[in-house]
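Read top to bottom, the protein sequences are chains A and B.
Going by UniProt numbering, 94 is the number at position 94 of the first sequence; the sequence numbering is gapless.
Going by UniProt numbering, 93 is the number at position 93 of the second sequence; the sequence numbering is gapless.
Please note: incorrect hints may appear among the correct ones.
Where chains are identical, the list cannot tell them apart; a pair therefore holds if satisfied intra-copy or between any two copies.
Here are the simulated SDA-like pairs of lysine to any residue, each with C-alpha atoms no more than 25 angstroms apart in a straight line [what the hints assert, rightly or not]: (1) K159 x G192; (2) K47 x I162; (3) K39 x Y123; (4) K159 x A188; (5) K116 x G38; (6) K159 x E94; (7) K159 x T93; (8) K63 x Y184; (9) K39 x A126; (10) K63 x I49; (11) K159 x S91.
I should point out that these hints are in silico values taken from the structure, not numbers from a laboratory.
Protein chains: 2
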Amino acid sequence: MSDLPASTAAGQRGPADHSIRDQIIAAADEHFSRYGYGKTTVADLAKAIGFSKAYIYKFFESKQAIGEAICSKCLASVTTDVRNALTESKSATEKLRRLLNTIAVSTTEIAFNDQKIYEIAAYSCAENWPSSVNYVDEMAEIVTSIVLEGRASGEFERKTPIDEAVRATMLVFQPFMNPAMLQYNLDAVPEGANEVASLVLRSLAP
Amino acid sequence: MSDLPASTAAGQRGPADHSIRDQIIAAADEHFSRYGYGKTTVADLAKAIGFSKAYIYKFFESKQAIGEAICSKCLASVTTDVRNALTESKSATEKLRRLLNTIAVSTTEIAFNDQKIYEIAAYSCAENWPSSVNYVDEMAEIVTSIVLEGRASGEFERKTPIDEAVRATMLVFQPFMNPAMLQYNLDAVPEGANEVASLVLRSLAP
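Looking at chain A on its own, in the form it has when it is part of the complex (with noise of 0.2 angstroms):
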């Protein structure tokens, strides 16, 4: 099967949609879960499956490629409860308020409720790893699309160019959108998440 052509997630070979992809990261899932990301070896994972190392190494060139698919799914729920509660808001500062409330509650849950799968995420968002890269291109899509929204609307300046407004709020977002920053500020969520909200919203007034 090593001459399938590699998918376009990163690391992943052979075909997408194979069902031993998914075994391989249910397994991953627990065991990192469980041991940690750094204490699982791809033995441990092939043992669990009843596989052979080799055999793994078809569909992920590393273990590398399997934490970016592990950390690929934990990010893409974050960005799934972001667009749930975006349908619900009907402003675009609305909008604005619940992203960075969701993605700080979202990503604090993870946090508390499966620590060794955030410890990934954030090690993850430190090493600028392909999975982290794509989930703040999409957040950043996200913004940009709502503060055009905003200033179509009237509710939000257009004075500042579009590109600067948007790397802003993202940077100023960081400290509760990035994992490997939000360790250092789960207890100023929600509260503080929402005076940052307040205050790109001030930032944005015409």
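On the provided structure of chain A, position chain B as indicated by the hints.
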């Protein structure tokens, strides 16, 4: 000397102005800079100065107390740079901008020129050592005085409760102020810090 009153600095013992204390701090600074905090023992420091470990423990109750002293010195250099930068600023607007720029640039210089000392500062901020808590408190005081000055001069709005405005500003300054977070933003200095200062100034506009 062990019956002397403890000095006010965390974990320091004996008379505050004793030259032995300075010798220990100087030796620790050199050792930590070269080998890192984790790899330096109190025995290494004792050997470097030619004293016994027991004698060093008459001045510092633990290695962390020595780390605290180094960290305080390092963070105090940033505070001094900020205070100097502010004396040249005429308006509250200019002061706020210079404050964040100076923090970001000055802390980034430590990261590049004295990496191992920076690691102690980052660790101190991550672990809320008194040295870093004092540093943040001092910066919050400076931010408060700038916001009050800007409110008095009519540069800044007065509707937001002052405590909230300062708290939120301190939160959004974190990615450039907290060494544990700045390490992920070194590439964004000084432009990103400048854009964050602009965002905060827009939020403070009347």
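Quiz prompt | Intra/inter-copy verdict for K116 and G38 if alpha-carbon distance must be at most 25 angstroms | solution = both (10 angstroms within a copy, 24 angstroms between copies)
Exercise. Go through the copies and call it for K39 and Y123: within, between, both or neither, with a Cα cutoff of 25 angstroms.
Key: Result: close both inside a copy and across copies, 14 angstroms intra and 23 angstroms inter.
Quiz item: Checking K63 and Y184: alpha-carbon separation at most 25 angstroms within a copy, between copies, both or neither?
Solution: between (27 angstroms within a copy, 23 angstroms between copies)
Exercise. Indicate which option fits the pair K47, I162 if close means a Cα-Cα distance not exceeding 25 angstroms: within, between, both or neither.
Key: neither (51 angstroms within a copy, 59 angstroms between copies)
Quiz prompt | Intra/inter-copy verdict for K39 and A126 if alpha-carbon distance must be at most 25 angstroms | solution = both (19 angstroms within a copy, 23 angstroms between copies)
Quiz item: Given a CA cutoff of 25 angstroms, do K159 and T93 count as a within-copy pair, a between-copy pair, both, or neither?
Solution: The answer is both: 17 angstroms in one copy and 18 angstroms across copies each meet 25 angstroms.
Quiz item: Is it within a copy, between copies, both, or neither that the alpha carbon of K159 lies no farther than 25 angstroms from that of G192?
Solution: between (27 angstroms within a copy, 19 angstroms between copies)
Self-check item: Homo-oligomer pair classification [I49, K63; C-alpha up to 25 angstroms]
Solution: within (15 angstroms within a copy, 46 angstroms between copies)
Quiz item: How would you label the pair K159, A188 (within, between, both, or neither) given a Cα cut-off of 25 angstroms?
Solution: between (31 angstroms within a copy, 23 angstroms between copies)
Self-check item: Copy assignment of K159 with E94, given that the CA separation must stay at most 25 angstroms
Solution: Both. Shortest intra-copy (21 angstroms) and inter-copy (20 angstroms) distances satisfy the 25 angstroms Cα cut-off.
Quiz item: Between copies, within a copy, both or neither: which fits K159 and S91 at Cα up to 25 angstroms?
Solution: Both. Shortest intra-copy (20 angstroms) and inter-copy (23 angstroms) distances satisfy the 25 angstroms Cα cut-off.
When held up to the earlier numbered hints, the structure conflicts with hint 2 and nothing else.
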